Structure formats: C-alpha cells, structure tokens
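Q: Sequence:
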Amino acid sequence: MSDHRPDDPADVTIFVCTNCRDVSDGDVRPGIALIAALREAADGKPLAVKPVTCLANCEKSPSAAFNHRNGWSYVFGHLSLDNVEDIVTGAMMLAEDERGFLPLRGRPTCLRGKGLTARIPPFHHHEDMPS
167 MSDHRPDDPA DVTIFVCTNC RDVSDGDVRP GIALIAALRE AADGKPLAVK PVTCLANCEK
227 SPSAAFNHRN GWSYVFGHLS LDNVEDIVTG AMMLAEDERG FLPLRGRPTC LRGKGLTARI
287 PPFHHHEDMP S
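Here the working numbering is used: the first residue of the sequence shown is 167, the next is one more, and so on.
Treat the hints with care, as some may be off.
Stated by the list, open to error - Computed Cβ-Cβ distance ranges for the label pairs, DEER-style:
1. His292 - Glu225: 27 to 37 Å
2. Ser297 - Asn185: 38 to 48 Å
3. Pro296 - Asp248: 37 to 47 Å
4. Asp193 - Glu251: 19 to 29 Å
5. Val189 - Glu264: 38 to 48 Å
6. Ile198 - Ile286: 23 to 33 Å
7. Pro288 - Asp209: 25 to 35 Å
Keep in mind that the hints were calculated from the coordinates and are not lab data.
In this text, all values refer to a predicted model and were calculated from it rather than measured experimentally.
Think of the CB as a built atom: it goes at the ideal place given N, C-alpha and C, for glycine as much as any other residue.
Throw the hints in and build the complete structure from the sequences for me.
A: And the structure:
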C-alpha cells in the first residue's frame with residue numbers, strides 16, 4: 167500500500183524530499199518522480215510513501231528517509247530512479263525486523279556507505295553508556 171489508511175498503519179513510511187532540484191536542470195525535482203515510482207513499487211506492501219518538503223540532506227540529493235512506526239529511522243541520499251527496487255527492499259527489511267532496526271547484512275548498496283546519512287533511535291530507546 168503506497169498510501170496507507172489511518173486505520174491500517176504502515177510498518178514503515180518512506181519520506182521523499184520534494185524540494186531539491188536537479189543539478190543539470192533546475193526545473194526538475196527528482197524527488198517527485200521518485201515518489202511516483204516508489205508508490206508503484208510499494209503497492210501491496212506494508213509501506214507508505216509520502217512527500218516531505220525538505221530532509222536537510224541537500225548535498226546528497228535526492229534524499230529519502232525510512233521511519234519505522236515503533237523502531238529506528240534512517241536518512242539516505244544520492245538516490246535515483248535506478249534505486250527504486252533497492253529502496254523498497256531496504257524498507258521491507260526494516261518493516262520485517264522485529265527490533266525495528268535495518269540490518270546491515272543484506273542491505274542494498276545504495277542504503278549503506280555514502281548513501282546513509284543518519285540513523286535515529288526511536289523515542290523509547292534507552293542504552294547504557296560504554297564502560
């Protein structure tokens with residue numbers, strides 16, 4: 167389901183930045199096409215795809231963020247239409263993880279290394295300081 171109903175919440179929401187413009191053509195906003203492609207690829211899956219004005223990841227445009235409803239959130243950049251299936255694969259990995267954590271093992275290449283900008287713990291996360 168690319169747009170979920172309030173009574174049927176998605177496990178993971180993929181937010182895609184709509185503000186950044188293509189470096190070679192300032193009239194093109196690559197996030198717009200990415201949203202349409204992701205909605206089609208996510209159809210029938212426990213994922214929602216939503217536009218967001220800005221993810222403050224402009225140097226890595228186009229960008230997207232995964233938000234697990236009870237788990238971690240992730241911000242990615244340097245994405246393109248070529249990454250649509252990998253983005254959905256990664257979002258499904260997060261949706262299927264019982265901890266709400268995106269495992270590194272098996273994660274598509276575009277969602278690791280230079281593609282990963284940040285991971286944000288859930289509000290309820292508590293962790294001890296290293297000893």
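Q: All hints are to be evaluated individually against the structure, with a verdict given for each.
A: Status of the hints after comparison with the structure:
1. His292 - Glu225: 27 to 37 Å: For His292 and Glu225 the Cβ distance comes to about 32 Å; the hint holds.
2. Ser297 - Asn185: 38 to 48 Å: holds, 43 Å
3. Pro296 - Asp248: 37 to 47 Å: holds, 39 Å
4. Asp193 - Glu251: 19 to 29 Å: Because 27 Å falls inside the window, the suggested range holds.
5. Val189 - Glu264: 38 to 48 Å: Because 40 Å falls inside the window, the suggested range holds.
6. Ile198 - Ile286: 23 to 33 Å: Holds: the Cβ-Cβ distance is about 25 Å, inside 23 to 33 Å.
7. Pro288 - Asp209: 25 to 35 Å: holds, 27 Å
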